[in-house]
Amino acid sequence: MDPLHFVHIDTGSTEPIYRQLIEQVKRRVAAGQLKAGDEIPSVRELAHALAVHPMTISKAYSLLEMEGVLERRRGLSMVVAAQHRQAQPTADRVELLRPTLEKAAAEARQLALPKSQALQLFKTILEEAP
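Taking our numbering as reference, the numbering of the sequence shown is continuous, increasing by one, and the terminal residue is 131.
Hints listed in this document are in silico derivations from the structure and should not be mistaken for laboratory results.
Hints are supplied without guarantee of correctness; some may be wrong.
Each pair of labels, with its calculated beta carbon distance range [claimed, not checked]:
no.: 1; residue 1: Pro100; residue 2: Asp39; range: 17 to 27 Å
no.: 2; residue 1: Thr91; residue 2: Gln25; range: 42 to 52 Å
no.: 3; residue 1: Arg73; residue 2: Gln25; range: 16 to 26 Å
no.: 4; residue 1: Ser43; residue 2: Asp93; range: 22 to 32 Å
no.: 5; residue 1: Leu64; residue 2: Leu5; range: 15 to 25 Å
no.: 6; residue 1: Leu114; residue 2: Glu40; range: 41 to 51 Å
no.: 7; residue 1: His54; residue 2: Gln118; range: 33 to 43 Å
no.: 8; residue 1: Ala52; residue 2: Thr15; range: 11 to 21 Å
no.: 9; residue 1: Ala113; residue 2: Leu77; range: 27 to 37 Å
no.: 10; residue 1: Arg110; residue 2: Gly13; range: 18 to 28 Å
Straight-line distance between alpha carbons at most 20 Å, and here's what the computed SDA-like set of lysine to any residue pairs gives [what the hints assert, rightly or not]:
no.: 11; residue 1: Lys104; residue 2: Glu16
no.: 12; residue 1: Lys27; residue 2: Ser63
no.: 13; residue 1: Lys27; residue 2: Ser78
no.: 14; residue 1: Lys60; residue 2: Arg74
Built from N, CA and C at the ideal position, the CB exists for glycine as well.
With these hints in hand, go ahead and build the complete structure from the sequences.
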């Protein structure tokens, strides 16, 4: 897997880099983009590609392993854990998105944006190429 396209880190975010990495990997596994047995970039490769300290990547990988998302293989790359053979049901994926949308809704209310305008912006963002 190409480390440059594995995750996208927002260095301007208030969310720590290791948390961004954890959440993105969890979402990709939930969506079925990463499946059981898929190798992930090594700590060294990803740290180099993202220009972050290897301990940041190592911490995220260890937490993902503790949560059962990743499996460590002695002497080999880490892989997505065996129980993640297919995408999670849509309802479960919706629940992963809910906290982000709640935060966005709160910010839209603070900005006193009309609901229609906030929804149109969300629709436009969804339709933009990744």
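Inset, instruction - Indicate whether the distance between the beta carbons of His54 and Gln118 respects the range 33 to 43 Å. - result: holds, 41 Å
Inset, instruction - Using the beta carbons of Leu114 and Glu40, state whether their distance is inside 41 to 51 Å or not. - result: For Leu114 and Glu40 the Cβ distance comes to about 43 Å; the hint holds.
Inset, instruction - Hint says 42 to 52 Å; check whether the CB-CB distance for Thr91 and Gln25 agrees. - result: violated, 19 Å
Inset, instruction - Take a look at whether the Cβ-Cβ distance between Leu64 and Leu5 falls inside 15 to 25 Å. - result: holds, 22 Å
Legend entry - Distance restraint evaluation - Ala113, Leu77, Cβ atoms, bounds 27 to 37 Å: With a Cβ separation near 54 Å, Ala113 and Leu77 fall outside 27 to 37 Å, so the hint is violated.
Legend entry - Hint consistency between Lys104 and Glu16 [alpha-carbon to alpha-carbon, up to 20 Å]: Holds: Lys104 and Glu16 sit about 13 Å apart, inside 20 Å.
Inset, instruction - Mind checking the alpha carbons of Lys27 and Ser78 for me, to see if they're no more than 20 Å apart? - result: holds, 18 Å
Legend entry - Agreement of Lys27 and Ser63 with the hint, judged by alpha carbon distance not exceeding 20 Å: Holds, because 13 Å separates the two Cα atoms, which is no more than 20 Å.
Inset, instruction - Starting from the hint 17 to 27 Å, judge whether the C-beta atoms of Pro100 and Asp39 obey it. - result: holds, 25 Å
Legend entry - Consistency of beta-carbon spacing, Gly13 to Arg110, with hint 18 to 28 Å: holds, 23 Å
Legend entry - Satisfaction of hint between Arg74 and Lys60, Cα-Cα up to 20 Å: holds, 17 Å
Inset, instruction - Please test the hint of 22 to 32 Å on the beta carbon pair from Ser43 and Asp93. - result: holds, 29 Å
Comparing the model with each earlier hint shows violations of hints 2, 9; every other hint is respected.
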